[in-house]
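**Q** Combine the two chains into a complex, taking the hints into account.
Chains A and R, in that order, are what the protein sequence lines are. Under my numbering, the first residue of the first sequence is numbered 1, with each subsequent residue one higher. Under my numbering, the first residue of the second sequence is numbered 1, with each subsequent residue one higher.
Honestly, the hints are just simulated from the structure, not real lab data. Among these hints, one or two may not hold up.
Here are the simulated EDC-like pairs of lysine to aspartate or glutamate, each with C-alpha atoms no more than 16 angstroms apart in a straight line [claimed, not checked]:
1. R:Lys45 / A:Glu113
2. A:Lys21 / R:Asp108
3. R:Lys114 / R:Glu96
4. A:Lys70 / A:Asp165
5. R:Lys28 / R:Glu3
6. R:Lys45 / A:Glu119
7. R:Lys215 / R:Glu15
8. R:Lys45 / A:Asp116
9. R:Lys55 / R:Asp6
10. A:Lys21 / R:Glu71
11. R:Lys28 / R:Glu219
12. A:Lys18 / R:Glu71
As the structure is a computational prediction, the values presented were derived from the model and not from experiment.
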Amino acid sequence: MFHSLGKYILLLRLSFRKPEKFSVYWAEIMREMVSVGIGSLGIVAIISLFIGAVATIQTAFQLISDFIPKTVVGGITRDSTILEFSPTISALVLAGRVGSAMASQIGTMRVTEQIDALEIMGVNAPGYLISPKIIAGVTMIPLLVIVSVGLGLTGGYIACWASNDVSTNDYLRGLTDGFNPVIATVCAVKAISFGFVITSICSYQGFYVNGGSLEVGQSATRGVVWSCIMILFCDLIISRLLL
Amino acid sequence: MIEIQDVYKTFGENEVLKGITATFQPGKNNLIIGGSGSGKTTLLKCIVGLHEPTKGEVIFDGENFTHMNFEQRVPIRTQIGMLFQNSALFDSMTVEQNIMFPLNLFTDQSKSEKQDRANFCLERVNLAGKNKLYPSELSGGMKKRVGIARAISMQPKYLFVDEPNSGLDPVTSILIDELISELTQEYSITTVVVTHDMNSVMGIGDHIIFLHQGKKWWEGSNKEIAKTDNKELNNFVFASPFMRAAKASL
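Bound conformation, chain R alone (with noise of 0.2 angstroms):
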């Protein structure tokens, strides 16, 4: 469980986050949504660490990270797994070592034991045999999986994930929506994702967080989105008219 507490941020003068407190539990797939600059990355980089909140606390499982040192974060960072937007994989490495990376650093397991590994998390992503790949050879969404394969590496316990569809088709987002899904439930991880899409608030969305203006606006499931009066909200979710026409249908 992820417990952020009270978590401001401040960049110069401009306020990026107002005291947002929120928990994410294990094994749901927790969503923060929001619009374009309401802080959604900011608030998931304060709670990976990348960015040091101003005021307020992040805790892992009881523990406060927001008060701990490099040393002292390497144990909670080995139970972190994170897909990136762009999913940041090593460019001078092939699949197979970006995956084998996290284990060579921080397990004392032998090559073959590794390289099972590797082969496990790439079958549980659909990109078997696809080792000897640079991600220059790679798609979008075959990156993807591989950011995917490489987080899931080291068996976290927490799972981050910034913008899963950003760049994808249709059909390649739900895969890789349903993925994140499964993996969350399968291994009970604390999962959070960090996305704009309506399809993935719609399908994947256990719980959600929605910001406007840094702040937490509403909070609430993928089933009690569609009944909300939060007028915000209510603009964000339907500002297609697509989504507006399939509101009206309910």
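So here's chain A without its partners, still in its complex pose (with noise of 0.2 angstroms):
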């Protein structure tokens, strides 16, 4: 445990050396740019207007009473779509997604030689292979939240339409009131952190692949696994802090 905390620290180190020629990793952060955050965007989409939709429903299902105004399911719509599940649920269905490819492709080149033929040039490969996908990570999954909450509070709105349990017009005067910043800062917290945690343990399982095709696919699910374990537990942590 402490031994694999320690090459997973020191290969974060390395990852953040000097690179060799900034417009060289400039083109590879652009790349893992491009396959993170647009990649992504279809799956986010879909998940954030079911997840928004739903947690109107259900909110409107507990709380709907003749002592309770309306316009509370647009506030808890908006708290929850904003603290947890714009932020979480999508850096789980991230981290099967972009860190399970991550993982793959880190651990295809190495066992194929990849990775020895870039230390052999000379190249810092850690740096080379890591780093894009680490500050990819860390601009576009918040981007990609960012898309997640405008689009879980759309499908809150399409389910009030739809359902008449609560009228559009209360929903959208529960999204205003009483917002606190507070936790936009959180989920912008949460995002960066777990957008690091994703794409730094999933390089780190690929990176160190020993063996054959077998050890890549374990070494994805490894790494799938532990970012969703993380995600959870920093989850807890930021919430804890921050709220």
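**A** Have a look at this one:
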């Protein structure tokens, strides 16, 4: 456990060494940003719409009574979407989509000696392979979470419009009433942290693969499992510290 | 010139290399041969720095490579070209991008200069016009040749080749051997080839080191190998009936 933690920290240190040539790394960062950001937009959009809609319907089911103003549904949907559903559920889905791809890609490069080829050339392999992925993760996952929040709240609006449990006017008023900016800060901190956790853990798992295609698959699975555990752990710590 | 002095390598309890000393001269095809598990690939990886020797030293033209850190090794590594057993081409890049990759990172050449160099390297390995193909679109022999083109793109002083003939038909194997030999002599490169292919040994082995049980068991040239009375070497080289018949006819 401590041995792995030490290896992980050393790998991160190697990943952020001075690049051999910035322009080559920049091209790689752009490529990873497109892969993480544009490549994940579809799945994030779909889950966000559904989660927003379900959150609204379930909140309405539990809270609609003559003693509670109907605008509460909008407020609760907003807070739960911004604080938890968008950053955490998106991150868990992205760990499966982005993280497993990263672990498999780096792991395949390891078992086919492509990483050895980089090292023989004098290239800092962790820097070239891992730092662009981490940079793409900590920049694009927060942007995806912003999109997810917008679509989650839109999903809630569509649910109100379709079900008539709460009027769309009440829902919209609930969204704007009593907004506390701290929840946006918490959401941003979570998104950046989750971006780092997913990309660094999955890259680490891929980088130290030993064996063949079976081990590459196992490393991708390990990467996703550890990312999910660490996402939930960070979620708890950030919520406790910032709220 | 590459010198290795008293190199040991241990993995856990398993001592793979046991005090190997050798010198590899420029302009010669230096072959490391031996049976499976004899330590030849481990020795190659110790020489290029993919493994750190447990004990002993590797010296490139008077510079002690073993005691250098990553940054200090970079100037030597940019003079190293290596062809891997499975070619190790970057899957996400075209043939041209593979060859231009080290040039992009370590030279200030313009794009056209780099493209000219890539075209020259491809012509040198008889693959002119294959610039835009991806590794998945190449045959095994073509991948090896692209691997060689990438290895020579930086005009290396040292060329390392791991099992150049594995998975190739006899005709392509001979072509790859001849190409390695031509490049070695043409550019006076210090070439180290790890192989267990007897055609390579007899064809291009200017200087041969035979490893057995992690030790240097024999050293000589392809001309001397047929006359040796070293039992283990004879068992290895003349294992097949064809080779025994060839030896008898000498």
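**Q** Look at each hint and say if it fits the structure.
**A** Structure-based check of all given hints:
1. R:Lys45 / A:Glu113: holds (12 angstroms)
2. A:Lys21 / R:Asp108: holds (10 angstroms)
3. R:Lys114 / R:Glu96: holds (9 angstroms)
4. A:Lys70 / A:Asp165: Measuring from Cα to Cα gives roughly 9 angstroms; hence the hint holds.
5. R:Lys28 / R:Glu3: Holds, because 14 angstroms separates the two Cα atoms, which is no more than 16 angstroms.
6. R:Lys45 / A:Glu119: Distance ~11 angstroms between R:Lys45 and A:Glu119 Cα, so the pair holds.
7. R:Lys215 / R:Glu15: The given pair, whose Cα atoms are some 10 angstroms apart, holds under the 16 angstroms limit.
8. R:Lys45 / A:Asp116: With Cα atoms ~10 angstroms apart, R:Lys45 and A:Asp116 stay inside 16 angstroms; holds.
9. R:Lys55 / R:Asp6: Between R:Lys55 and R:Asp6 the Cα gap is close to 7 angstroms, so the pair holds against 16 angstroms.
10. A:Lys21 / R:Glu71: holds (14 angstroms)
11. R:Lys28 / R:Glu219: holds (14 angstroms)
12. A:Lys18 / R:Glu71: Distance ~11 angstroms between A:Lys18 and R:Glu71 Cα, so the pair holds.
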